[in-house]
Amino acid sequence: MNLDINGKTFQIDADPTTPLLYILRDQLQLNGAKFGCGLGQCGACTVIVDKQPVFSCITPVSALQGRKIRTIEGLGTLENPGPVQRAFIEEQAAQCGYCIPGMMMRAQALLEQNPAPSKSDIRRYMNANLCRCGTHMRILRAVERAAAFVKDGGKGGTAG
Amino acid sequence: MSAAPGSLTRREFLTRGGALIVSFSLAPRILAASPQEAQNIGKEPVKEPALPGSLSKAPLLDSWIRIDADGTITVFTGKAELGQGIKTALIQVAAEELVVEPRSINLVTADTGRTPNEGYTAGSQSMQDSATAIMHAAAQVRAILVALASQRLNLPAEQLTVHLGVIRGNDGRSITYGQLVTGETLHVRANPQSPLRDPKTRGVIGKSMQRVDIPAKVTGRAIYVQDLRLPDMVHARVVRPPSYGARLISIDSARVQKVPGLLRIVRNGSYIAVVAEREYQAIQAMRALAQGAKWEERATLPQPADLYNYFQKLPTQDYIDLGGAADIALGPGSITSTYRRPYQMHGSIGPSCAVGLSKDGIVTIWSHTQGVYPLRDALAELLKAPPDRVRVIHMEGSGCYGHNGADDAGADAALIATAFPGRPVRVQWMREDEHAWEPYGSVMVSTARARLDGSNITEWQYEVWSNTHNNRPAPAGQLSPAWAIEPPFTPSAPKPAPLPAGGGNRNALPIYKFPNARVVHHFVPGMPLRVSALRALGAYHNVFSIESFIDELAAAARADPIDFRLRHLDDARARDVISTAAERFGWSQYRRQRGRGRGFAFARYKNYAAYCAVVLEVEVDRESGSIRPLRVVAAIDSGEAVNPDGMRNQTEGGIIQSLSWSLYEAVTFDTTRITSRDWSTYPIMRFSNVPETIDVHVITRPGMPFLGTGEAAQGPTAAALANAVADATGVRIRELPFTRSRVKAAVGL
Ligand code: FES
Ligand code: FES
Numbered sequence: 001m002n003l004d005i006n007g008k009t010f011q012i013d014a015d016p017t018t019p020l021l022y023i024l025r026d027q028l029q030l031n032g033a034k035f036g037c038g039l040g041q042c043g044a045c046t047v048i049v050d051k052q053p054v055f056s057c058i059t060p061v062s063a064l065q066g067r068k069i070r071t072i073e074g075l076g077t078l079e080n081p082g083p084v085q086r087a088f089i090e091e092q093a094a095q096c097g098y099c100i101p102g103m104m105m106r107a108q109a110l111l112e113q114n115p116a117p118s119k120s121d122i123r124r125y126m127n128a129n130l131c132r133c134g135t136h137m138r139i140l141r142a143v144e145r146a147a148a149f150v151k152d153g154g155k156g157g158t159a160g
Numbered sequence: 161m162s163a164a165p166g167s168l169t170r171r172e173f174l175t176r177g178g179a180l181i182v183s184f185s186l187a188p189r190i191l192a193a194s195p196q197e198a199q200n201i202g203k204e205p206v207k208e209p210a211l212p213g214s215l216s217k218a219p220l221l222d223s224w225i226r227i228d229a230d231g232t233i234t235v236f237t238g239k240a241e242l243g244q245g246i247k248t249a250l251i252q253v254a255a256e257e258l259v260v261e262p263r264s265i266n267l268v269t270a271d272t273g274r275t276p277n278e279g280y281t282a283g284s285q286s287m288q289d290s291a292t293a294i295m296h297a298a299a300q301v302r303a304i305l306v307a308l309a310s311q312r313l314n315l316p317a318e319q320l321t322v323h324l325g326v327i328r329g330n331d332g333r334s335i336t337y338g339q340l341v342t343g344e345t346l347h348v349r350a351n352p353q354s355p356l357r358d359p360k361t362r363g364v365i366g367k368s369m370q371r372v373d374i375p376a377k378v379t380g381r382a383i384y385v386q387d388l389r390l391p392d393m394v395h396a397r398v399v400r401p402p403s404y405g406a407r408l409i410s411i412d413s414a415r416v417q418k419v420p421g422l423l424r425i426v427r428n429g430s431y432i433a434v435v436a437e438r439e440y441q442a443i444q445a446m447r448a449l450a451q452g453a454k455w456e457e458r459a460t461l462p463q464p465a466d467l468y469n470y471f472q473k474l475p476t477q478d479y480i481d482l483g484g485a486a487d488i489a490l491g492p493g494s495i496t497s498t499y500r501r502p503y504q505m506h507g508s509i510g511p512s513c514a515v516g517l518s519k520d521g522i523v524t525i526w527s528h529t530q531g532v533y534p535l536r537d538a539l540a541e542l543l544k545a546p547p548d549r550v551r552v553i554h555m556e557g558s559g560c561y562g563h564n565g566a567d568d569a570g571a572d573a574a575l576i577a578t579a580f581p582g583r584p585v586r587v588q589w590m591r592e593d594e595h596a597w598e599p600y601g602s603v604m605v606s607t608a609r610a611r612l613d614g615s616n617i618t619e620w621q622y623e624v625w626s627n628t629h630n631n632r633p634a635p636a637g638q639l640s641p642a643w644a645i646e647p648p649f650t651p652s653a654p655k656p657a658p659l660p661a662g663g664g665n666r667n668a669l670p671i672y673k674f675p676n677a678r679v680v681h682h683f684v685p686g687m688p689l690r691v692s693a694l695r696a697l698g699a700y701h702n703v704f705s706i707e708s709f710i711d712e713l714a715a716a717a718r719a720d721p722i723d724f725r726l727r728h729l730d731d732a733r734a735r736d737v738i739s740t741a742a743e744r745f746g747w748s749q750y751r752r753q754r755g756r757g758r759g760f761a762f763a764r765y766k767n768y769a770a771y772c773a774v775v776l777e778v779e780v781d782r783e784s785g786s787i788r789p790l791r792v793v794a795a796i797d798s799g800e801a802v803n804p805d806g807m808r809n810q811t812e813g814g815i816i817q818s819l820s821w822s823l824y825e826a827v828t829f830d831t832t833r834i835t836s837r838d839w840s841t842y843p844i845m846r847f848s849n850v851p852e853t854i855d856v857h858v859i860t861r862p863g864m865p866f867l868g869t870g871e872a873a874q875g876p877t878a879a880a881l882a883n884a885v886a887d888a889t890g891v892r893i894r895e896l897p898f899t900r901s902r903v904k905a906a907v908g909l
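Protein chains in written order, with the working numbering: chain A, 1 to 160; chain B, 161 to 909.
Bound conformation, chain A alone (with noise of 0.2 Å):
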């Protein structure tokens, strides 16, 4: 089975079964989506498939062929973050970061969708996702930081 992720096209061996989370993190060696609960109660794996955030954790590979997959490592690198990593760098948006990367995700899908949005907008949004060490008010600054830097033209690009 073929894989898209992040513009590349992966060959996948694997049970049809397995969910995306665990291809992802075992076979592809990305780190960015994680495991939370393998219930789609947190959004610590969320990923984008096409344009909307996914929980990669309930997601089977099965379901998956020729669509966009995309995952942080495909907004940036640490040599040049995109708008959206640069905008949680800049708020510090981050205490243990272990929810930061589904949290990303869940941002870059709703800017996308919606550029501008308002702040209650990023709350509804965001709200699928968890944090445990209370950067909520961090990440909700760096979610209109990055739609700020999406407006100016977004530097450092966006790849998928």
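Treat the hints as calculated values from the structure; they're not laboratory data.
In silico lysine to aspartate or glutamate, EDC-like type, Cα no more than 16 Å apart, as pairs:
hint: 1; chain 1: B; residue 1: K473; chain 2: B; residue 2: E623
hint: 2; chain 1: B; residue 1: K519; chain 2: B; residue 2: D548
hint: 3; chain 1: B; residue 1: K673; chain 2: B; residue 2: E619
hint: 4; chain 1: B; residue 1: K418; chain 2: B; residue 2: E437
hint: 5; chain 1: A; residue 1: K119; chain 2: B; residue 2: E852
hint: 6; chain 1: B; residue 1: K418; chain 2: A; residue 2: D15
Go by the hints and put chain B with the ligands onto chain A.
Below, chain B with the ligands without anything else, positioned relative to chain A:
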């Protein structure tokens, strides 16, 4: 910390630094061989003053700081990054005293093979312990290097300046740190006094610095132990018992053998685990095995509806923490209130994980434990191996907020890796493992009584019932996997933690001045549910109780709650955080809108650490019972602030987490099993209900000891919430959490 930096002038600093160095450079080898003797050359043997911070546990300077010939500076800490930003603050402290750029410092954190033993990273102690040690070690290292440069350049120390790792003479010649350090240079015992830099000349400390760990975290680098992939690594999962003390009767291994990739079923008594090539295969095998496993369970848990009664009837050990044996005669006009707090969990977003490797007679465990050395000792006992055959290396995990499943996952990795030697084994807990098996924060009950004379509290009596707040390993009996193996280990008898830090009685002593006060700690050894350290320990409940009660007394005295507190408080720093928070909130100009209210609370954490005041405005919907936190203002004084933005980040986090505990959280159970097994059965705060704004004001005290920040907001936030709800509704709620149903029952229309 004994040696707070004074305000030395530059000249004093140089002379003191110079004098210090002479003794070092006279006899570094003797010092290394026999530190006690060398310290006392030419003097009467005297008892040494204590070394600052963790230097007292690891007094050699090169345990903390090493400098290579190429100038590379490596700083070692026994503390671990838990998401609190400690790495950044420690780098700042070292850079300040070494007078180098923060980015030129390479920091090595908790590793039993490399770093000093600093016990646990807990109790908001890392700044006091490790930052203090590193600050002093760095100052002493700098002084040694200046003295060596003075010899090499043949210039008096006063004619040398230090900047970015280069020591320059006033004649233009210079020499680098790297050129000065040879093998033994820093292998010397620290002195009790250090030539600390003048706080007025700070370049790095006190300036917000971006956290060094965040860029890698937002770009998907392998940071967490969950991300560790060693060559040839395999995956394991444990089939956890369905309830405490459940005994395994039988398994059906035939149905598991079919799972592709299965490498091994590990069974030891009631402990069962599977090892597979791939992670999802391990999960499938674990599920198949769990389905066919038969257990004998016992109903050992209390009736949930009767929890508080049951708990208060358990046998206690009673300690009078303040005052005399007899109850205080409260007489007419006295007020009594009882407060309750349920079991609450850490609820880390990432379930616990560890990687273990048993190879060539050494067991290596990568773990997000809070204490690499204590865990090493516990694992050595568990495996019946000498401690030097076990190495524990810290890697970050998801935020833990205390003793969660981290150490137990380390035990899983140790048990499974030794049963499957030669290849690294990664084991991660499932969500239900973490929810049902982590040790919770203890259920607590307290009763406060006081008598008012006009606007003054004349009598005060406080009693608190609590389990222990520390069941950390070692010994091995504190690790839940060790309970299931044959022969099993049993947990050690719980002990109350002594004051002033305390456990269930942390912050049980009032910080206010009352003419007559008595505090009793009813320590409950019996633990129907597994408990251990959760952020702030008993301070969460005690501050919730005391600060709620103070508001009740203020109301009875018809006094403003803040004025009322100040009347009973003489600590100037306490008064400062209180008035800062009140002013920034606009306390005196506040105009109450319908359905809204404001609440204030304050505590000095442990009564000797950080000062924190919280003001909170809420809106209460009487019809549904739902509470919406609107606006939070906090002020915090943790001594000298090293990274103010880091302190704000932690304090904002503490406020939101405490709001989550206080609004929603209680572990549920039936008489046999824990029934809070995921986020739907144990809901926590979501974006939809976080406050609109949280403003944290950092008060810094240059030159004053570091006091730590991480746990200071937990108690004040809970009490400020209770006080705001009382202000909004006129009804006092004394049982946590403030769920909709509880609030509706109390204030509903
Ligand atoms: S890990 Fe996928 S939603 Fe929690
Ligand atoms: S930053 Fe730790 S869970 Fe969100």
